[in-house]
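Student: Chains as they are written, first to last, in UniProt numbering: chain S, 1 to 412; chain F, 1 to 412.
Keep in mind that the hints were calculated from the coordinates and are not lab data. Just so we're clear, the structure is a prediction, and the values are computed from it rather than from any experiment. Some hints here could point you the wrong way.
Claimed, not checked - Chain S regions said to be covered by chain F (calculated; three or more residues, Cβ under 8 angstroms):
1. 269-281
2. 298-305
To be verified - Below, simulated DMTMM-like cross-link-like pairs (lysine to aspartate or glutamate); rule was C-alpha separation at most 25 angstroms, straight line:
3. S:K295 <-> F:E122
4. S:K140 <-> S:E103
5. S:K273 <-> F:E290
6. F:K295 <-> S:E103
Ideal placement from N, C-alpha and C gives every residue a C-beta, glycine not left out.
Number of protein chains: 2
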Amino acid sequence: MKKNVLIIGAGGVAQVVAHKCAQNNDVLGDITIASRTLEKCEAIVASVREKNALKVDGKLEAHALDAMDVEATKALITKTGAQIVINVGSPFLNMSVMSACIETGAAYIDTAIHEDPMKICETPPWYANYEWKRREECEKAGVTAILGAGFDPGVVNAYAKLAYDEYFDKIESIDIVDINAGDHGRYFATNFDPEINFREFTGQVWTWQNNEWTSNKMFEVGKEWDLPVVGKRKAYLTGHDEVHSLSHILKVPTVRFWMGFGDHYINVFTVLKNLGLLSEQPVLTAEGQEVIPLKVVKAVLPDPGSLAPDYTGKTCIGDLVKGVKDGKEREVFIYNVADHKEAFEEVGSQGISYTAGVPAVAAAMLIATGEWDVKKMANVEELPAQPFLGLLNKIGLPTRIKDENGDRALEF
Amino acid sequence: MKKNVLIIGAGGVAQVVAHKCAQNNDVLGDITIASRTLEKCEAIVASVREKNALKVDGKLEAHALDAMDVEATKALITKTGAQIVINVGSPFLNMSVMSACIETGAAYIDTAIHEDPMKICETPPWYANYEWKRREECEKAGVTAILGAGFDPGVVNAYAKLAYDEYFDKIESIDIVDINAGDHGRYFATNFDPEINFREFTGQVWTWQNNEWTSNKMFEVGKEWDLPVVGKRKAYLTGHDEVHSLSHILKVPTVRFWMGFGDHYINVFTVLKNLGLLSEQPVLTAEGQEVIPLKVVKAVLPDPGSLAPDYTGKTCIGDLVKGVKDGKEREVFIYNVADHKEAFEEVGSQGISYTAGVPAVAAAMLIATGEWDVKKMANVEELPAQPFLGLLNKIGLPTRIKDENGDRALEF
Numbered sequence: 001m002k003k004n005v006l007i008i009g010a011g012g013v014a015q016v017v018a019h020k021c022a023q024n025n026d027v028l029g030d031i032t033i034a035s036r037t038l039e040k041c042e043a044i045v046a047s048v049r050e051k052n053a054l055k056v057d058g059k060l061e062a063h064a065l066d067a068m069d070v071e072a073t074k075a076l077i078t079k080t081g082a083q084i085v086i087n088v089g090s091p092f093l094n095m096s097v098m099s100a101c102i103e104t105g106a107a108y109i110d111t112a113i114h115e116d117p118m119k120i121c122e123t124p125p126w127y128a129n130y131e132w133k134r135r136e137e138c139e140k141a142g143v144t145a146i147l148g149a150g151f152d153p154g155v156v157n158a159y160a161k162l163a164y165d166e167y168f169d170k171i172e173s174i175d176i177v178d179i180n181a182g183d184h185g186r187y188f189a190t191n192f193d194p195e196i197n198f199r200e201f202t203g204q205v206w207t208w209q210n211n212e213w214t215s216n217k218m219f220e221v222g223k224e225w226d227l228p229v230v231g232k233r234k235a236y237l238t239g240h241d242e243v244h245s246l247s248h249i250l251k252v253p254t255v256r257f258w259m260g261f262g263d264h265y266i267n268v269f270t271v272l273k274n275l276g277l278l279s280e281q282p283v284l285t286a287e288g289q290e291v292i293p294l295k296v297v298k299a300v301l302p303d304p305g306s307l308a309p310d311y312t313g314k315t316c317i318g319d320l321v322k323g324v325k326d327g328k329e330r331e332v333f334i335y336n337v338a339d340h341k342e343a344f345e346e347v348g349s350q351g352i353s354y355t356a357g358v359p360a361v362a363a364a365m366l367i368a369t370g371e372w373d374v375k376k377m378a379n380v381e382e383l384p385a386q387p388f389l390g391l392l393n394k395i396g397l398p399t400r401i402k403d404e405n406g407d408r409a410l411e412f
Numbered sequence: 001m002k003k004n005v006l007i008i009g010a011g012g013v014a015q016v017v018a019h020k021c022a023q024n025n026d027v028l029g030d031i032t033i034a035s036r037t038l039e040k041c042e043a044i045v046a047s048v049r050e051k052n053a054l055k056v057d058g059k060l061e062a063h064a065l066d067a068m069d070v071e072a073t074k075a076l077i078t079k080t081g082a083q084i085v086i087n088v089g090s091p092f093l094n095m096s097v098m099s100a101c102i103e104t105g106a107a108y109i110d111t112a113i114h115e116d117p118m119k120i121c122e123t124p125p126w127y128a129n130y131e132w133k134r135r136e137e138c139e140k141a142g143v144t145a146i147l148g149a150g151f152d153p154g155v156v157n158a159y160a161k162l163a164y165d166e167y168f169d170k171i172e173s174i175d176i177v178d179i180n181a182g183d184h185g186r187y188f189a190t191n192f193d194p195e196i197n198f199r200e201f202t203g204q205v206w207t208w209q210n211n212e213w214t215s216n217k218m219f220e221v222g223k224e225w226d227l228p229v230v231g232k233r234k235a236y237l238t239g240h241d242e243v244h245s246l247s248h249i250l251k252v253p254t255v256r257f258w259m260g261f262g263d264h265y266i267n268v269f270t271v272l273k274n275l276g277l278l279s280e281q282p283v284l285t286a287e288g289q290e291v292i293p294l295k296v297v298k299a300v301l302p303d304p305g306s307l308a309p310d311y312t313g314k315t316c317i318g319d320l321v322k323g324v325k326d327g328k329e330r331e332v333f334i335y336n337v338a339d340h341k342e343a344f345e346e347v348g349s350q351g352i353s354y355t356a357g358v359p360a361v362a363a364a365m366l367i368a369t370g371e372w373d374v375k376k377m378a379n380v381e382e383l384p385a386q387p388f389l390g391l392l393n394k395i396g397l398p399t400r401i402k403d404e405n406g407d408r409a410l411e412f
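Can you make the complete structure from the sequences, with help from the hints?
Tutor: Dropping the structure here:
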């Protein structure tokens, strides 16, 4: 049994995490929100209070923290008595925050792989580049560290684990498809930090096919999918954290990630990329100022948080799993549909942030209750899927399945 | 009779001007090239020497100069004994350089209207915003100041003047069409300073139609033209310096400027503009750095000078003039065709720089010989066209005409 949560980050996902923690503070205890910019944390606290989101009376506080500073993070963990840290700040912070957790004994949760700010699209094996190097260290310290506990990675890993445990004797392929059929009404915007968003797509795309890493260019391999609720949408092979962990942990021969993109997004992205404006390497202006182009692109784009009030439409994210059960070939699509407007009304963020933030809170609750407090490092597919998906059914991200028996809600 | 030339600027156009001045230094005397960056000036001097371009023995020197500093510019004029200043630096410099000329008595030549760095696409009347305010001052000082003596504005103004004097009793409209049918082989590049290039197109487009200023959006009004050599090309209404001066000085009811653009240019431009990346107003990055997006775009784009070696194809720029002669409606197209590769072989710059730089040297030669040394401020259409066009026939930009009598070279 662990209690008291420290949320690191103050973006759209942190906002969702704070609201959901508040809604479940009978399980989670005190809540602290910390990021470099105190005002952003305070705005989240104000938003939680405005919605009266705290289920029971309890602490809800904002703190300024540079989470690259391990000692400062340790001090805040100690001061707040946090036994669970939900890291939804920049992916550049993962290793620092993990160090603070290992040294204080607090449980660690994140939603995306660690990134080095000076490297884009590192080559696989991704988790093995940073996180998995610290497995022994976590186990020795008895620290629970749950990696990639957002939606994708996160919930889609649990879908894969469920399929692996319940629906197949042998899985041949997992295709994770992420479609955002929402409309934010702007000329162009990214749904989360543009810097992180673009970094995903500027290098080579890596997928795991027939038991080996396969590389191609971004937007090179596209396919039209026909998914529940959102209908026909084009998605493209994209490198994504869970391709590595699922192929490695569940030993599935083919794991691919497909991200939906409209032609307009691809055009804007292509122009920016070809001009060199998505580069993380500094350039020198004629006036001698050293500038990182990607940071300027980020500065001119809408703040992803600002999109939420006008965002309409739905997301559909799921796993198409193919394989064999009882000697027969079969395929199932396990998925969730989320609604941007409903997300905004509940927690003040759009659907993309909602799908990323709610699972991290579910993971925290399972650590609090002990079910996922495994005292070692684990990816989501190494943990029992049913308590996680069952909890998500209750707190906002219900699971559905579509197979030869139809399209229906899954109960756990 | 005036002698000795000070060239201000060290870009592609300055390179052309230096070569052409050298080729005609029997008329022009000593040549000095000055800009903020001495190395750029020295590179131009080296290029002129490499081609053995100096017609007769004579001085050819590079100097560092911040031409915003009027006193420094005056001192350099005095030191070099320059009686003619060709300003082909940034359009932000015009007023400062003009001050230095007025105070020293040197003749002034430029190729584009003055611009305030903090304003984009100022509303008409353009020349009246800055240059024409100083007409009396020039006249009083007896200083020759020739405005807009590049190709467009410049040669196209002389074409209009020629049509006005020789081919029409009454002109109804002048449509200036500028088509670059060249290919630089890059994903995207501008043919001159990107900052200046984009500034032309980010605001409203102003044209003079039926004796009044008419405004529309950039790329809103397009038309396919079928021109000599370059064939069918689409061009769009664009605001341009000479629309103002020609309508005002020649009292023509309709003066329009059409700039040719390919769909790819328009797409890149539209993306950058809609994202706010062409803004001359600073933005703040997440790290707190103040940056002007347009300057970052400039920094990532190819240096226009670097395009020259690979540039192939031709430009066609001319005036379609409609009106009445001897009671009959007629129309003539007066134009020049230039070749990128030939320009590079002769002076080491591409065709766009060539067409802008050669006319400024022709203007300098006409000041040197006295024909254009009018001791006041003048736009090109206020000066006799024939000596100018006759000289251009000899030094690289021959004039052709297409009318009811066919398509032929014009001799003067």
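Student: Give a verdict on every hint.
Tutor: For each hint, the structure was consulted:
1. 269-281: Holds, because 7 residues of the region 269-281 of chain S bring their Cβ atoms closer than 8 angstroms to Cβ atoms of chain F.
2. 298-305: holds (count 4)
3. S:K295 <-> F:E122: At roughly 30 angstroms apart (the allowed maximum being 25 angstroms), E122 of chain F and K295 of chain S break the hint.
4. S:K140 <-> S:E103: holds (11 angstroms)
5. S:K273 <-> F:E290: holds (22 angstroms)
6. F:K295 <-> S:E103: Outside the cut-off at roughly 46 angstroms; violated.
When the structure is compared with the earlier hints, violations turn up for hints 3 and 6 and for no others.
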